[in-house]
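Peer 1: In order, the protein sequences belong to chains R and L. Under the working numbering, read the first sequence as residues 1455 to 1629, first letter to last. Under the working numbering, read the second sequence as residues 301 to 702, first letter to last.
Among the clues, some could well be false.
[Stated by the list, open to error] Heads up, simulated BS3-like pairs for lysine-lysine below, C-alpha to C-alpha not over 25 Å straight-line:
| id | chain 1 | residue 1 | chain 2 | residue 2 |
| --- | --- | --- | --- | --- |
| 1 | R | K1546 | L | K394 |
| 2 | R | K1509 | L | K516 |
| 3 | R | K1531 | L | K359 |
| 4 | R | K1595 | L | K314 |
| 5 | R | K1610 | L | K364 |
| 6 | R | K1473 | R | K1509 |
| 7 | R | K1553 | R | K1477 |
| 8 | R | K1464 | L | K399 |
| 9 | L | K480 | L | K402 |
| 10 | R | K1553 | L | K394 |
| 11 | R | K1506 | R | K1589 |
| 12 | R | K1553 | L | K359 |
| 13 | L | K342 | L | K314 |
| 14 | R | K1595 | R | K1533 |
| 15 | L | K337 | L | K679 |
| 16 | R | K1533 | L | K314 |
| 17 | R | K1533 | R | K1589 |
| 18 | R | K1531 | R | K1473 |
| 19 | R | K1553 | R | K1531 |
| 20 | L | K337 | R | K1595 |
| 21 | R | K1610 | R | K1509 |
| 22 | L | K359 | R | K1610 |
| 23 | R | K1531 | R | K1546 |
| 24 | R | K1546 | L | K607 |
| 25 | L | K679 | R | K1595 |
| 26 | L | K679 | L | K364 |
| 27 | L | K516 | R | K1506 |
| 28 | L | K394 | R | K1464 |
| 29 | R | K1506 | R | K1475 |
| 30 | R | K1464 | R | K1531 |
Hints are computed from structural coordinates only; laboratory data are not their basis. All values derive from a computational prediction rather than experimental measurement.
The lines below spell out each chain.
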Amino acid sequence: MAVATAENIKTLHDTVLAKLKEKFADDVISSEIDYDFPVFVVKRENIQNILKFLKEDPELNFHFLTTLCGLHYPDNKGKEFGVMYQLHNMPKNFRIRLKAFIPGNDLEISSVTSLWATANWMERQEYDFFGIIFKGHPNLKRILNMDDITFFPMRKEFPLEDPTRDDKDDTMFGR
Amino acid sequence: MSEIVENPAHPEEKEYTTLNLGPTHPATHGIFQNVLKMDGEKIVDAESTIGYIHRAFEKISERKPYYMLTTLTDRMNYCSSPINNMGWHMTVEKLIGVKLPKRVEYMRVVIMELSRIADHIICNSVIGVDTGAMTGFLYIFQWREFIYEIFENICGARLTTNIGRVGGFERNWSPEVWTKIDNFMRDFPEALKEFENLLVRNRIFMDRTIGAGPIKGDRALEYGFTGPNLRAAGVDYDVRVMNPYSSYEDFDFVIPVGQNGDTYDRFMVREQEMWESLSIIKQALAKIDRNDPTYHAEVPEFYLPPKEDVYNKMEALIYHFKIVMGEDNIPVGEVYHSVEGGNGELGFYLISDGGRCPYRLHFRRPCFIYYQAYPEMIKGGMLSDAILTMSSMNVIAGELDA
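One chain only, chain R, in its complex shape:
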């Protein structure tokens, strides 16, 4: 078990990047180190294979899916939505983050439920809140919200407060 020092994180970033470049040269878009995490942005088409490779590679062996969450950037045209995956190799204490962006008019990405059973509810949650369709998910339906709502509440255009109210003005102290 290695303590996650700055050099260790740099080495991990370089190792994973080299391995991904070798195997999936066309799919890696960019990479960086954000605080204590190496972050890799990859194309969504091959996400399942990339995660499978990272899970099964004997040296990296990211056997644990820590978390997965949806992202929404309405201003990034062509890649409005995204999914973030966080992987962990417990014995070596390697942690990385992967991101795949999805265009807003084609909200599909492969499901990783076949790799990790835990992705089941995580993906259902992101479907519930962002409307991202995880292809190959065994039971993709809403999980926390009511079954019959027609919108996806975590999208940025969905107002938190009643939009018909005019007694509240957020121009000065909005977000």
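Add chain L to chain R, keeping to what the hints say.
Peer 2: Using the frame of chain R, we list chain L on its own:
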């Protein structure tokens, strides 16, 4: 009539009963619905429905300044809310790059370990109740009360504590707090020993819990288990050791692990963790100088100044205004921070765009992630084991639904 009673075409085909366990059931300690397919008293299949107390915390956090979000974290795992609070403070501190004085970090460790003990007291004594042993529960709950009194003395609240701030504590601890902690440390070990005497080698308790709701280590990892439930299955993963925060690397403690991942192992891991927590608190108390007035980091841009300074000093007034109005300079960035919560790795994934509220905040809620294994764990067992399994997994509705 005879076709209904007996299906001659498929004599082997059994008739199953569908049973709704929940949404509100006195034995499930919260709002959980499970539709069970039963063969007599045996569970053949199960399906969980969750979301009954969903409050859209992730959405709300996109509209609230950082310091207001602490109250949301209280309401996730409300049995150990100080851990959630401190996890959130540390996430923001990581983002803005604040380094806390050692004394404050040790004080946080004391609070977090006290709340871990409170969390495990609830879980373990309720396992006792579900096996029919009320005594331990009624007896040890007094000690949870004493822990809550300590919290009350520090921050004014008991259950949903909102304890501390980004940068430290809101005030230094009073002499009563130290007395209360000392009293607790002096008397609790004996009470815990007595509680263990009631259950640990109790024949009835062992018969009920050994082999109930088991899960193997590799399966638990696939299901994203963390915390005591994973350790009961034999995997020694603990965030406090793997990625130490708040100076946990300065303490010497053991990670207890189980073997079979059943209810008894989960109970025993929690028991052992309480002893380890006591040892950590003891070490922390020895390291803290009680007369030192430091209780927060020197970060005037993010830490609210004392009220009399706000009235009398120009700078303090400016900082106060900027913090309350959310005009402080939060850097742009993405940060993930996790703490070892009462029931697993509680993670905060925060995306900041430099605004006063998070651009996106995602909670890695351990309950939500491991509760999906529940149907698999209770399949093939008895209904009474399913109740035990749920209470031993320590599923907290507030965290499950967030």
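Peer 1: Against this structure, judge whether each hint is valid.
Peer 2: Here's how the hints hold up against the structure:
As the CA atoms of K1546(R) and K394(L) are separated by approximately 23 Å, the hinted pair is consistent with the 25 Å bound. Under the criterion of a C-alpha separation no larger than 25 Å, the hint pairing K1509(R) with K516(L) is consistent with the structure, at around 19 Å. Distance restraint check for K1531(R) and K359(L): the Cα-Cα separation of roughly 22 Å lies within the 25 Å cut-off, and the hinted pair is therefore satisfied. A distance of roughly 30 Å separates the Cα atoms of K1595(R) and K314(L); the hinted pair therefore is violated under the 25 Å criterion.
As the CA atoms of K1610(R) and K364(L) are separated by approximately 15 Å, the hinted pair is consistent with the 25 Å bound. With a C-alpha separation of about 13 Å, the suggested pairing of K1473(R) with K1509(R) holds against the 25 Å cut-off. With a CA separation close to 17 Å, the supplied pair K1553(R) and K1477(R) stays within the 25 Å bound. Of the supplied pair hints, the one linking K1464(R) and K399(L) holds, its CA atoms being roughly 22 Å apart against a limit of 25 Å.
For the proposed pair K480(L) and K402(L), the alpha carbon gap of about 22 Å is at most 25 Å, so the pair holds. Among the hinted pairs, K1553(R) with K394(L) is consistent with the structure: their alpha-carbon atoms are about 21 Å apart, no more than 25 Å. For a cut-off of 25 Å, the pair hint linking K1506(R) to K1589(R) stands: about 16 Å separates their Cα positions. Among the hinted pairs, K1553(R) with K359(L) is consistent with the structure: their alpha-carbon atoms are about 21 Å apart, no more than 25 Å.
Distance hint between K342(L) and K314(L) is fulfilled; the C-alpha atoms sit about 13 Å from each other, no more than 25 Å. For a cut-off of 25 Å, the pair hint linking K1595(R) to K1533(R) stands: about 24 Å separates their Cα positions. Note on K337(L) and K679(L): the hinted pairing holds, with a Cα-Cα distance of about 9 Å set against a maximum of 25 Å. With a C-alpha separation of about 52 Å, the suggested pairing of K1533(R) with K314(L) is violated against the 25 Å cut-off.
Taking the CA atoms of K1533(R) and K1589(R), the gap is near 18 Å; set against the 25 Å cutoff, the hint holds. With a CA separation close to 30 Å, the supplied pair K1531(R) and K1473(R) exceeds the 25 Å bound. Restraint check: the Cα-Cα separation between K1553(R) and K1531(R) comes to about 16 Å, which is no more than 25 Å; the hinted pair holds. Distance check on the hinted pair: K337(L) and K1595(R) sit about 21 Å apart at the alpha-carbon level, within 25 Å; holds.
For a cut-off of 25 Å, the pair hint linking K1610(R) to K1509(R) is broken: about 32 Å separates their Cα positions. With a CA separation close to 9 Å, the supplied pair K359(L) and K1610(R) stays within the 25 Å bound. A distance of roughly 38 Å separates the Cα atoms of K1531(R) and K1546(R); the hinted pair therefore is violated under the 25 Å criterion. Taken as a hint, the K1546(R) and K607(L) pair is broken in the structure, with Cα atoms around 48 Å apart against an allowance of 25 Å.
Between K679(L) and K1595(R) the CA atoms are separated by roughly 23 Å; this keeps the pair inside 25 Å, and the hint holds. Using a Cα cut-off of 25 Å, the hinted pair K679(L) and K364(L) is violated, with the two alpha carbons roughly 42 Å apart. At most 25 Å may separate the alpha-carbon atoms for a hinted pair to count; K516(L) and K1506(R) meet this at roughly 22 Å. Restraint check for K394(L) and K1464(R): satisfied, since their Cα atoms lie roughly 18 Å apart, inside the 25 Å limit.
Taken as a hint, the K1506(R) and K1475(R) pair is honoured in the structure, with Cα atoms around 15 Å apart against an allowance of 25 Å. The straight-line distance between the Cα atoms of K1464(R) and K1531(R) is roughly 31 Å, outside the 25 Å bound, and the hint therefore fails.
Of the hints listed earlier, those the structure fails to meet are numbers 4, 16, 18, 21, 23, 24, 26, 30, in rising order.
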